[in-house]
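Engineer: Given chain A, put chain B in place with the hints provided.
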Amino acid sequence: MALTEHVVMRELDIPGIGDFDIYRQHGGWDAYCVAVKEQTPAAVVAVVKEAGLRGRGGAGFPTGVKWGFLPKGVYPRYLLCNCDESEPGTFNNHQIIDNNPHQLVEGVAISAYAVEANTAYIYMRGEFAAAARTLEAAIARAYAEGLLGKNILGSGYDLDIHVHRGAGAYICGEETALMESLEGKIGQPRLKPPFPAVAGLYGKPTIINNVETLTNVPMILQKGVAWYRQFGTEKSPGTKCFSLSGHVNRPGNYEIPFGLPLRELIYSPEYGGGMRDNRPVKIIIPGGASAPWLTGDKLDVTLDYEALAGAGTMLGSGAVIVLNDTVQAPHLAYKMDEFFKHESCGKCTPCREGTHWLVKTLHRMTEEGHAYAEDIPTLHSIYGQMAGNCFCLLGESAVMPIKSALRLFPQEFEQLVTQNGNGQHNGKHPIALESVR
Amino acid sequence: MPDVNVTIDGVRVAVPVGTNVVDAARMVQTAIPVFCYHPRLKPAGMCRMCLVQIGTPKVDPATRQPVLDENGQPVIAMMPKLQTGCTTPVSEGMVVKTVTEEVAAAQKGVLEFLLTSHPLDCPVCDKGGECPLQNLTMQWGPGKSRFDYNDKVHFEKPVKLGDLIYLDRERCILCSRCVRFQDDIADDPVLGFDMRGRNWQIISKSEPGFDSKFSGNTTDICPVGALTSADFRFKARVWELESKPAVCTLCPVGCNVSLDMRHDELMRVMPRENAAVNDIWICDKGRFGHRFIASSDRLTTPLIRRNGTLQPATWEQALQLVAEKFAAVLSSSGPQAVGGIAAPRLSNEDLYTFQKFMRQLGSDNLDHRVGAPGAPVLDDLVADVGVGVGTDLNALGQGTTVIVVGADPEEEAPVYMLRLRAIAERGGHLVVANLRPTKLDRSATLRLRYGLNRDIAFARALLKAVHEQVAFQNLNARTQPG
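Residue numbers (the numbering used here), protein chains in the order written: chain A, 8 to 444; chain B, 87 to 568.
So here's chain B without its partners, still in its complex pose:
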């Protein structure tokens, strides 16, 4: 895409067409404060926090040429009112000022207004310590409020939007990020608004409440502590937590997560940004399905069978035993006598380490399949022609076709549904073939139905058709072993 040149606080920068002023400013390390704007959501322009001064080159109406001053520089016509940066796309020659007196007054004013309703219960708020409202107030807000009334908005506190998410309407600053996430990203338009004015409030419109597999993400993008999760509510202060990077193993997506630990205890699971995998989202299973880790039913120490019974042992003892057994087999029968089977749910990194270990022993006997020998090799085929090394989901859009066969991503690999939806939103073709309707059908550009147990037949027929047509050469080369 072509670039346009803009000047932000005196710094010239070329940014892609269509970039809004807030994002353009970020590219030159200029922070324009925002509440309702979120880079993954369509701009709403509601909170009025991102007001800045914007000017464009003055154009002579007769010649349609820019008017130049005595130094040959274009004359900039500043707009009379402040403009919301999040809703204003850049244009050639645009001048943006973010640190003027007017802008500072507007930012201070909006924050002062927001805080007239906000309860300021930061000491008991789960968001405290990672709260945009706190941070922006520190940086851009007034030192104290002139609002001398004991007149905060009061609501029952909190209400359950669903089983997993609580809403504190007093803390809510009405930015609508959660509503827009559910409408535009999750495609579960289950949140909405009720009432108006200062009583305007978020409600759940679904039965059961907040019926979405992605609801936890709204607590991440909520810029205040209005939305909190049943899982993490009142569990810990965020500054006590240490984030450990990890990969979620509950489905094939492999979302990048961070495990937020307090000492040795897992307090919450948060998404970790990875544009190639999960962007900044995770599903509720990945976020909330971690309680098994602390289950008392779990094995917490290795067990060694001695005299017919399993007895607790230390890791040193267990590893010692395994090493001895391997050594015994290797010396008596050679490396081909050992093999390894790894669970397919492990992350790529775990599997890599495992195979590396086996090959160090000298064995190539590796497998990860849990089916019977001779089961269909569709998995291998997908690895060759489907999402494989080098696939960039973000780059897929206009001009690409994605075929989903016999899968219900919302259930089986939830975050893939978001990614597939986004590809369709960007103008890509999304072909969904299944024996029954799934939620992905809503985003599909083409829906196909086949009979029970006909999925492999369908896939083979499709491949056959592809072979017979244009892609024969390419596909053949890629699917030949070796």
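The following block holds chain A by itself, in its conformation from the complex:
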């Protein structure tokens, strides 16, 4: 059953919600006005905590709890909205901004008030030029309406929101690399601790939340905790915008309550509409390129943080990539690790050199048609030398594709070795990855 009422993708309920006036007519900015005029920041934090909102960027950490980590009495503080959206397979932030930008801006404003920040930055991936203009227009309108700026609605609260476009690096989605980039430095992760809540942007206490997380906040305040908790599960309340891609009939963003089985997302006519050409599901990557893979028989796993963790993977950014049996696991691992190699910042040795070596070997095995028996233990040990030893999660993520492929489909690697061994190989990989929409 598709949702009859959405939390984030409300353009499906209210056509034209991207227009400020229509957003306002449907209660938009009301929650913010009430908060600023009548509620204490702590009260707003308490509501978000009670609603059980969890960060949608990947880690799934409870948002209200995160806000509580700020050291008391240290100012200025900053609120950052992470719109670097660059996890392969993830594309919901862009759609939120295209269709429902005012709710995001209101979410940023409420959250900034809640954490007592007078400045908020929306850090956008460099490629999102059009989306940045949309947001800038939405922010300008909010200023014009007196919702942002100095002494908002006579409350004494000041807030400025800035949009900043990065230069298009995956690593800048990592919170500390994002801050480095925002400060004008090279986008590379910082040593933790100190954590951003203690010393983040410009060394000041900083909260950083994902676009989808912040877009949830106005609805939680406007409609209440009980309304919000009717969606999802006890531990994963609310809804999630899943970005469904791969060999499904209807790829796209679908907002569904947490806890739906994978089968329904893929096969329901309201969502994925089944597999193209009715081919079987071979591999599901449920949380973006960084998530361990599931095999096609895991369709009953439900889409919530706990169930996916139980299945040995993670919900991550909610990018569900579904691949059919035309895809060769070694080739898929090669393509995904090539992404991580390209995006490796170079700061730490295992990620910088490990991704290079992985890709080099996988390219030879899958594209050049030269695979040797010793490649398989070598691949195992390369990712083993990376896993747990990298500076940040990028290197750890790069381990997932190759580790998953070797664990779930070892026979395909052995087959590559055999093909090479009997001299039948034509030097070109027989089955290239079918184009993935």
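Errors might be hidden in some of the hints.
[What the hints assert, rightly or not] Here are the simulated lysine-lysine pairs, DSBU-like style, with alpha carbons at most 30 Å apart:
{"no.": "1", "chain 1": "A", "residue 1": "192", "chain 2": "A", "residue 2": "44"}
{"no.": "2", "chain 1": "B", "residue 1": "167", "chain 2": "B", "residue 2": "128"}
{"no.": "3", "chain 1": "B", "residue 1": "238", "chain 2": "A", "residue 2": "410"}
{"no.": "4", "chain 1": "B", "residue 1": "299", "chain 2": "B", "residue 2": "128"}
{"no.": "5", "chain 1": "B", "residue 1": "243", "chain 2": "B", "residue 2": "321"}
{"no.": "6", "chain 1": "B", "residue 1": "194", "chain 2": "A", "residue 2": "342"}
{"no.": "7", "chain 1": "B", "residue 1": "144", "chain 2": "A", "residue 2": "367"}
{"no.": "8", "chain 1": "B", "residue 1": "183", "chain 2": "A", "residue 2": "192"}
{"no.": "9", "chain 1": "A", "residue 1": "192", "chain 2": "B", "residue 2": "238"}
{"no.": "10", "chain 1": "B", "residue 1": "321", "chain 2": "B", "residue 2": "299"}
{"no.": "11", "chain 1": "B", "residue 1": "243", "chain 2": "B", "residue 2": "371"}
{"no.": "12", "chain 1": "A", "residue 1": "192", "chain 2": "B", "residue 2": "299"}
{"no.": "13", "chain 1": "A", "residue 1": "410", "chain 2": "B", "residue 2": "194"}
{"no.": "14", "chain 1": "A", "residue 1": "211", "chain 2": "B", "residue 2": "291"}
{"no.": "15", "chain 1": "A", "residue 1": "410", "chain 2": "B", "residue 2": "230"}
{"no.": "16", "chain 1": "B", "residue 1": "291", "chain 2": "A", "residue 2": "79"}
{"no.": "17", "chain 1": "A", "residue 1": "192", "chain 2": "B", "residue 2": "243"}
{"no.": "18", "chain 1": "B", "residue 1": "167", "chain 2": "A", "residue 2": "410"}
{"no.": "19", "chain 1": "A", "residue 1": "199", "chain 2": "B", "residue 2": "128"}
{"no.": "20", "chain 1": "A", "residue 1": "211", "chain 2": "A", "residue 2": "192"}
{"no.": "21", "chain 1": "A", "residue 1": "79", "chain 2": "A", "residue 2": "56"}
{"no.": "22", "chain 1": "B", "residue 1": "321", "chain 2": "A", "residue 2": "342"}
{"no.": "23", "chain 1": "B", "residue 1": "167", "chain 2": "A", "residue 2": "211"}
{"no.": "24", "chain 1": "B", "residue 1": "167", "chain 2": "A", "residue 2": "242"}
{"no.": "25", "chain 1": "B", "residue 1": "246", "chain 2": "A", "residue 2": "192"}
{"no.": "26", "chain 1": "A", "residue 1": "79", "chain 2": "B", "residue 2": "128"}
{"no.": "27", "chain 1": "A", "residue 1": "342", "chain 2": "B", "residue 2": "230"}
{"no.": "28", "chain 1": "A", "residue 1": "367", "chain 2": "B", "residue 2": "243"}
{"no.": "29", "chain 1": "A", "residue 1": "199", "chain 2": "B", "residue 2": "167"}
{"no.": "30", "chain 1": "B", "residue 1": "183", "chain 2": "A", "residue 2": "410"}
{"no.": "31", "chain 1": "B", "residue 1": "321", "chain 2": "B", "residue 2": "371"}
{"no.": "32", "chain 1": "B", "residue 1": "238", "chain 2": "A", "residue 2": "367"}
{"no.": "33", "chain 1": "A", "residue 1": "199", "chain 2": "B", "residue 2": "243"}
[Stated by the list, open to error] Here are some, though not all, of the chain B residues that point toward chain A, as calculated from beta-carbon distances under 10 Å:
{"no.": "34", "residue": "179"}
{"no.": "35", "residue": "181"}
{"no.": "36", "residue": "191"}
{"no.": "37", "residue": "197"}
{"no.": "38", "residue": "233"}
{"no.": "39", "residue": "278"}
{"no.": "40", "residue": "281"}
Just so you know, the hints here were simulated from the structure itself, not pulled from any lab data.
Note that CB positions come from ideal geometry on N, CA and C, so glycine has one too.
Structural biologist: Same frame as chain A, now just chain B:
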């Protein structure tokens, strides 16, 4: 500072709060290999060479008391992942394991990774023989690489970062020691990074390139042969060199240096650690300003004036002549008829020897000043109340005030600038008084300006104010002659 007890490979040791695991291990003679970590720089945790297993006492969440096993010993909860020792401060009861199978695999893995990019051109590399990458590979690395590609990183080789320093990007292992030295110690943030991934590389951001008076130090702390100096490049193999301890005489700091000689030829000047003077740094003047020693314009033998012209002589002849002249004056007019003037640039050791010699002759007529008689005696005053015997620059920090009057240390005594900066970094007050801004102003906690030629007036006024206030008794006692 209070100590915390840690156990490193079974050895218990008490180390000061705030010590990191790598330094704590060194205190019990346990070497944790490092590339990016340097004891003088803030840890970066980038190279991943210092991965070790770390555990802390398990704490009962209810009682907040350590959980004890059946023998009454605290139960240690080991962290699931290896941790970088350089970025982990010690804590009470911490257990560190540096020689387990997991640690050995990680160390071997990191070295294998580093060597997949490194050109291994050791036979033509100036660092060969004193190279941490060579040494650590011998001790912790794999015997051979499984990286079967002819696929080292290739760059133009080398590039000039500035007039003095060359960068070989192929050899660079991207530890950022040089960048952090320039940012944190030298306060010349002129190095940075460009590109990313395997193409990540060091660049100079200044015009002219590598614009710093301390650039040579980066070649010392570079753990590979990526940074080499124009002065020493391809001059000698380090194992041919014999290091002679010396003191640099080019400025008043008196940095401890070693003169690295090949036979009788000076090949390079290196810093010699002395915490009280220059720590482990020297300035580029001291490091590179030694070519005059081999200049053909220099006097290389004594000259004796005979019949109105200076003629070469042997040292024996010259010393004989001087001794005869001294003897003649002493016997005719007594010891008070001789005196000695020594150049103020000489080291303390040279000056000590000189005065000892004069006093042996029976003369107290000694001086080192090159000004006119009656010139201001500020020098003497500084010797009494400034940096004198027993001053430990390392101990100065929080709770001390340093006043710098009319000096531009970066130009006049470069290494003092590093020491003064460090005092300010440690929380000391640094008052910089000058008629114009200097680079030290950046580190100052208080900046004062006075007019042209007003420095002595300023100093006297300051002393007067001090006299009139709290320190009158002490200062008076210390500045009275005798």
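Engineer: Hints first: check each against the structure and report whether it holds.
Structural biologist: Checked hints:
Among the hinted pairs, residue 192(A) with residue 44(A) is inconsistent with the structure: their alpha-carbon atoms are about 38 Å apart, more than 30 Å. For a cut-off of 30 Å, the pair hint linking residue 167(B) to residue 128(B) stands: about 23 Å separates their Cα positions. Between the alpha carbons of residue 238(B) and residue 410(A) the distance comes to roughly 25 Å, so the proposed pair stays at or under 30 Å and holds. Restraint check for residue 299(B) and residue 128(B): the C-alpha separation of about 21 Å stays at or below 30 Å, so the hint holds.
Using a Cα cut-off of 30 Å, the hinted pair residue 243(B) and residue 321(B) holds, with the two alpha carbons roughly 18 Å apart. Distance restraint check for residue 194(B) and residue 342(A): the Cα-Cα separation of roughly 28 Å lies within the 30 Å cut-off, and the hinted pair is therefore satisfied. With a CA separation close to 43 Å, the supplied pair residue 144(B) and residue 367(A) exceeds the 30 Å bound. Our distance criterion of 30 Å between C-alpha atoms is broken by residue 183(B) and residue 192(A), whose separation comes to about 36 Å.
With a CA separation close to 28 Å, the supplied pair residue 192(A) and residue 238(B) stays within the 30 Å bound. A C-alpha spacing of about 22 Å is found between residue 321(B) and residue 299(B), which places the hinted pair at or below 30 Å, so the restraint holds. Distance check on the hinted pair: residue 243(B) and residue 371(B) sit about 26 Å apart at the alpha-carbon level, within 30 Å; holds. For the suggested pair residue 192(A) and residue 299(B), the alpha carbons sit about 25 Å apart, so the restraint of at most 30 Å is met.
Note on residue 410(A) and residue 194(B): the hinted pairing holds, with a Cα-Cα distance of about 20 Å set against a maximum of 30 Å. A distance of roughly 27 Å separates the Cα atoms of residue 211(A) and residue 291(B); the hinted pair therefore holds under the 30 Å criterion. Of the supplied pair hints, the one linking residue 410(A) and residue 230(B) holds, its CA atoms being roughly 24 Å apart against a limit of 30 Å. For the suggested pair residue 291(B) and residue 79(A), the alpha carbons sit about 39 Å apart, so the restraint of at most 30 Å is broken.
A distance of roughly 27 Å separates the Cα atoms of residue 192(A) and residue 243(B); the hinted pair therefore holds under the 30 Å criterion. Taken as a hint, the residue 167(B) and residue 410(A) pair is honoured in the structure, with Cα atoms around 17 Å apart against an allowance of 30 Å. Note on residue 199(A) and residue 128(B): the hinted pairing holds, with a Cα-Cα distance of about 13 Å set against a maximum of 30 Å. At most 30 Å may separate the alpha-carbon atoms for a hinted pair to count; residue 211(A) and residue 192(A) meet this at roughly 16 Å.
Between the alpha carbons of residue 79(A) and residue 56(A) the distance comes to roughly 18 Å, so the proposed pair stays at or under 30 Å and holds. For the hint linking residue 321(B) to residue 342(A), the alpha-carbon distance of about 48 Å lies beyond 30 Å, and the restraint is violated. The hinted pair formed by residue 167(B) and residue 211(A) meets the criterion: a straight-line CA distance of about 29 Å does not exceed 30 Å. Between residue 167(B) and residue 242(A), the direct Cα distance comes to roughly 27 Å. Compliance with the 30 Å bound is thereby established for this hinted pair.
With a C-alpha separation of about 24 Å, the suggested pair residue 246(B) and residue 192(A) falls inside the 30 Å cut-off, and the hint holds. With a CA separation close to 27 Å, the supplied pair residue 79(A) and residue 128(B) stays within the 30 Å bound. About 29 Å separates the Cα atoms of residue 342(A) and residue 230(B), which keeps this hinted pair within 30 Å; it holds. Pair hint residue 367(A) plus residue 243(B) holds up; C-alpha atoms about 24 Å apart against a cutoff of 30 Å.
A distance of roughly 15 Å separates the Cα atoms of residue 199(A) and residue 167(B); the hinted pair therefore holds under the 30 Å criterion. The suggested pairing of residue 183(B) with residue 410(A) holds, with an alpha-carbon distance near 27 Å, which does not exceed 30 Å. Between residue 321(B) and residue 371(B) the CA atoms are separated by roughly 19 Å; this keeps the pair inside 30 Å, and the hint holds. With a C-alpha separation of about 12 Å, the suggested pair residue 238(B) and residue 367(A) falls inside the 30 Å cut-off, and the hint holds.
Only pairs whose Cα atoms come within 30 Å are accepted, and residue 199(A) paired with residue 243(B) is rejected, the gap being roughly 35 Å. For the restraint placing residue 179(B) at the interface with chain A, the shortest Cβ-Cβ distance is roughly 20 Å, beyond the 10 Å limit, so the hint is violated. A cut of 10 Å between beta carbons decides the hint on residue 181(B): the least distance to chain A is about 19 Å, and the hint is violated. Taken as an interface hint, residue 191(B) checks out: its beta carbon lies about 7 Å from the nearest beta carbon of chain A, inside 10 Å.
With a cut of 10 Å, the hint placing residue 197(B) at the interface with chain A holds, because the nearest CB-to-CB distance is about 9 Å. A cut of 10 Å between beta carbons decides the hint on residue 233(B): the least distance to chain A is about 6 Å, and the hint holds. Nearest Cβ of chain A to the Cβ of residue 278(B): about 7 Å, under the 10 Å cut. The hint holds. At about 8 Å, the closest approach between the beta carbon of residue 281(B) and any beta carbon in chain A falls short of 10 Å, and the interface hint on this residue holds.
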